[in-house]
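Starting from the known structure of chain A, arrange chains B, C and D on it as the hints suggest.
There are 4 protein chains.
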Amino acid sequence: MEILKFQGWSFSEIFHVNEADANLALLPRDIKAEDAVMLSDMVTTGFHGAELANIKLGDTVCVIGIGPVGLMSVAGANHLGAGRIFAVGSRKHCCDIAMEYGATDIINYKNGDIVEQILKATDGKGVDKVVIAGGDVHTFAQAVKMIKPGSDIGNVNYLGEGDNIDIPRSEWGVGMGHKHIHGGLTPGGRVRMEKLASLISTGKLDTSKLITHRFEGLEKVEDALMLMKNKPADLIKPVVRIHYDDEDTLH
Amino acid sequence: MEILKFQGWSFSEIFHVNEADANLALLPRDIKAEDAVMLSDMVTTGFHGAELANIKLGDTVCVIGIGPVGLMSVAGANHLGAGRIFAVGSRKHCCDIAMEYGATDIINYKNGDIVEQILKATDGKGVDKVVIAGGDVHTFAQAVKMIKPGSDIGNVNYLGEGDNIDIPRSEWGVGMGHKHIHGGLTPGGRVRMEKLASLISTGKLDTSKLITHRFEGLEKVEDALMLMKNKPADLIKPVVRIHYDDEDTLH
Amino acid sequence: MEILKFQGWSFSEIFHVNEADANLALLPRDIKAEDAVMLSDMVTTGFHGAELANIKLGDTVCVIGIGPVGLMSVAGANHLGAGRIFAVGSRKHCCDIAMEYGATDIINYKNGDIVEQILKATDGKGVDKVVIAGGDVHTFAQAVKMIKPGSDIGNVNYLGEGDNIDIPRSEWGVGMGHKHIHGGLTPGGRVRMEKLASLISTGKLDTSKLITHRFEGLEKVEDALMLMKNKPADLIKPVVRIHYDDEDTLH
Amino acid sequence: MEILKFQGWSFSEIFHVNEADANLALLPRDIKAEDAVMLSDMVTTGFHGAELANIKLGDTVCVIGIGPVGLMSVAGANHLGAGRIFAVGSRKHCCDIAMEYGATDIINYKNGDIVEQILKATDGKGVDKVVIAGGDVHTFAQAVKMIKPGSDIGNVNYLGEGDNIDIPRSEWGVGMGHKHIHGGLTPGGRVRMEKLASLISTGKLDTSKLITHRFEGLEKVEDALMLMKNKPADLIKPVVRIHYDDEDTLH
Chain A
1 MEILKFQGWS FSEIFHVNEA DANLALLPRD IKAEDAVMLS DMVTTGFHGA ELANIKLGDT
61 VCVIGIGPVG LMSVAGANHL GAGRIFAVGS RKHCCDIAME YGATDIINYK NGDIVEQILK
121 ATDGKGVDKV VIAGGDVHTF AQAVKMIKPG SDIGNVNYLG EGDNIDIPRS EWGVGMGHKH
181 IHGGLTPGGR VRMEKLASLI STGKLDTSKL ITHRFEGLEK VEDALMLMKN KPADLIKPVV
241 RIHYDDEDTL H
Chain B
1 MEILKFQGWS FSEIFHVNEA DANLALLPRD IKAEDAVMLS DMVTTGFHGA ELANIKLGDT
61 VCVIGIGPVG LMSVAGANHL GAGRIFAVGS RKHCCDIAME YGATDIINYK NGDIVEQILK
121 ATDGKGVDKV VIAGGDVHTF AQAVKMIKPG SDIGNVNYLG EGDNIDIPRS EWGVGMGHKH
181 IHGGLTPGGR VRMEKLASLI STGKLDTSKL ITHRFEGLEK VEDALMLMKN KPADLIKPVV
241 RIHYDDEDTL H
Chain C
1 MEILKFQGWS FSEIFHVNEA DANLALLPRD IKAEDAVMLS DMVTTGFHGA ELANIKLGDT
61 VCVIGIGPVG LMSVAGANHL GAGRIFAVGS RKHCCDIAME YGATDIINYK NGDIVEQILK
121 ATDGKGVDKV VIAGGDVHTF AQAVKMIKPG SDIGNVNYLG EGDNIDIPRS EWGVGMGHKH
181 IHGGLTPGGR VRMEKLASLI STGKLDTSKL ITHRFEGLEK VEDALMLMKN KPADLIKPVV
241 RIHYDDEDTL H
Chain D
1 MEILKFQGWS FSEIFHVNEA DANLALLPRD IKAEDAVMLS DMVTTGFHGA ELANIKLGDT
61 VCVIGIGPVG LMSVAGANHL GAGRIFAVGS RKHCCDIAME YGATDIINYK NGDIVEQILK
121 ATDGKGVDKV VIAGGDVHTF AQAVKMIKPG SDIGNVNYLG EGDNIDIPRS EWGVGMGHKH
181 IHGGLTPGGR VRMEKLASLI STGKLDTSKL ITHRFEGLEK VEDALMLMKN KPADLIKPVV
241 RIHYDDEDTL H
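As they're listed, the protein sequences go chains A, B, C and D. The opening position of the first sequence corresponds to residue 1 in UniProt numbering, with each subsequent residue numbered one higher. The opening position of the second sequence corresponds to residue 1 in UniProt numbering, with each subsequent residue numbered one higher. The opening position of the third sequence corresponds to residue 1 in UniProt numbering, with each subsequent residue numbered one higher. The opening position of the fourth sequence corresponds to residue 1 in UniProt numbering, with each subsequent residue numbered one higher.
So that you can see chain A by itself, here it is in the shape it has in the complex:
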């Protein structure tokens, strides 16, 4: 029997979901549960960053932040037709994976100001679109400074601190530069999940690259959470697999 893939995952074995037809999608048999669990959070959020940045065929894109969401923004930018993709990060493993997901250039912020690095790499032209998937309230100023007029900045990063996001007046074209600023939460739902799942089924997206640590059993949730808190250099995302008596329901 097939089981259902849930839009939201929780730390329990049984839970209630409203509006099943709108919010539950069948997990295709050819997708592993641990790969699928990336769809309802990392993939849809990261891809939404690329959608918010309004990426078009051949755009030069900068993705700032390449944790698991940012890596999916790189993949999303690539799936939406981006040409050159700058990925801003520093951890080697994440940079390597970013290149596998479609990045063409790595910008390491430890090597100097990222705006200067981007402008130098683009002969002073800057990029067409920016996806913000990391950083803080000050990251937007960098995005505005590295992007061309007539462009879009898409943010999916949760901004936890700071009073204001500062948009530099002059580089924002004194209000007239058509540098559009977007920030949003990803859409969810059954249809969205089915569509994203098809990218895995067809072999066009491999979410297993995001999984660096695997745990077995509900009781390991705490270990996994501690791992996410401590952030070892080789971590992208841990997965906890919960066992069921009727194991074949998980195919």
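Hints are supplied without guarantee of correctness; some may be wrong.
[Said to hold, decoys possible] In silico lysine-lysine, DSSO-like type, Cα no more than 30 Å apart, as pairs:
id, chain 1, residue 1, chain 2, residue 2
1, D, Lys32, D, Lys220
2, A, Lys125, D, Lys56
3, B, Lys209, C, Lys204
4, A, Lys148, B, Lys148
5, A, Lys148, D, Lys56
6, C, Lys125, B, Lys32
7, C, Lys92, B, Lys204
8, C, Lys125, B, Lys204
FYI, nobody ran anything at the bench for these hints, they're computed from the structure. Here the structure is a predicted model, which is why all the values come from computation and not from measurement.
Just chains B, C and D, lined up with the frame of chain A:
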């Protein structure tokens, strides 16, 4: 003989225009030259603010600033299908004209914080869209605070001073509120002018309401500019009419 | 007490609506019930025709068919910023009301081929957009012939008969004319109804012009339906008002 | 010295191009001239089919016709985020290349009705989007029959014969199915070419797969044209390389 309406107006009797087919539009005989002169600056800019704010049928809109551009943003919002339109201003003449162009409510910033006034008038819900056609770098914070999630802010105001535009982190939904921020220069060109001109020809837009002072002769340009500098309470826009020997060319 | 306005109206006094939050909207106290009943069918459908036709500021538009839905397409085109609006019809009362809703020209198909009339009236250029709110499967060929390249045709007419809609190959630009063809059912729901209702509340849309015949009591539904079947020349739309014991619930 | 890549190619050694800034793009040094020549016709046209079909992340797409333009529609659909891609064709070489460009399923019209094959392969659901890059005026009826409601059909095929394109009334949702029909000529220009070229430079698009026959010298144009007329089974696209005295201008 018909003459041409120029996309950009200049303070001279003869000037050169590149790409005539793209940049010059025939002035329809039924439009007065002084009304038409509003098209290539006030109308297209103000309307573009409404376009940038992505106004849809029945939206509740706030237009901040009701000088000549802002008044055209009110008219533009109305032409794009807005329902309730709050116009933020204080000068009586501008407020009266705003109501004639489609505003349904006047918000006078001299009566208190405009965000509080808007929230009170909308039962705490806020507005669907904001057009910024006046104010300064601090106006964006007000816009973000008065607008619902899933919304658009369109700016056409030239921001002449200040280092940064401050976007309040919390009210911007911690980066996830889908409050899109746009700022741009109006598109121009022949087709745009022809389309906007048709709104005058069909009687759907009356730009003569913008003209509060009329001058005759090129030598009066200085008087008109001084008027714009001194900004008397009853001023919206002055027009200087230049005389030609072959007067019927100006029909 | 306020009562609810229902998205769909039915011929009964009590009925069940799923998903109340999504499908029921409060009827504002300043809107009469008989005016509001137009919102959930005529207004939203007619306006959707204008939305499907992708009407932009200053567009020249042709609305084919000016029964109650088509009249709302005329109004919708006007609310979306159309300049010149050709309304195609023949009944005097409908033509008069079309002019009140924003039409600038009436095209009577009894006076000859409507394509020729439109081309003549536009100096051979044709129109920017067409809304189809009447006619049959052959109406699309007329729309394609009267529209410019780079344009949109929006249909909201139910096509009850005929095997095929014929799109003329040559006039459709041999497949390359960017004459986009859309046909759809209107969106509904609470938010849509609230937004359209605001157009009535603000005095920007007067649906009472659509109501030509009024009946009192549920038992008059049959009379009203017969009227719609017989279509007298002065009919646009009949309304049947149902009485409630607690009359003030209908304010 | 770098030379210029021309938007339109002609059968002569010298020719005039208007508006150089808008119409000429620099050929990046890392792109071979024969690969680049595909950009200004096959790539931009095929990709535009995918753009017209409004392809979104995870869409199931059918591309009808997989000659050189159709193959680029397959690639374009893939670059825009399609999941499952059905490619309709019969010649083995083209089918093989289609799979390399992102197709996941081949539909051979010699094996029966393509609509039935598509519906069977999708459990009766049909596809989200259709790109028409081959066939004739009757192909649109197939597209309408195989596509879901709420969808887009994008045509880039030149329709050389037939009076009408027949859209089946019933399967088109009696005018209300939101099955949008688009047909257009590709946009061109410098920016477009630069963006598409970046897909080659970054290794994300390999146009050399389209080139099955190579000729040397302007005098071979006739041979190449005869090849295109005779269409051998292994032909996708021939290229004629013209020699210049100053050979290094072609890097």
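*Which of the stated hints cannot be reconciled with the structure, identified by number in ascending sequence?*
none
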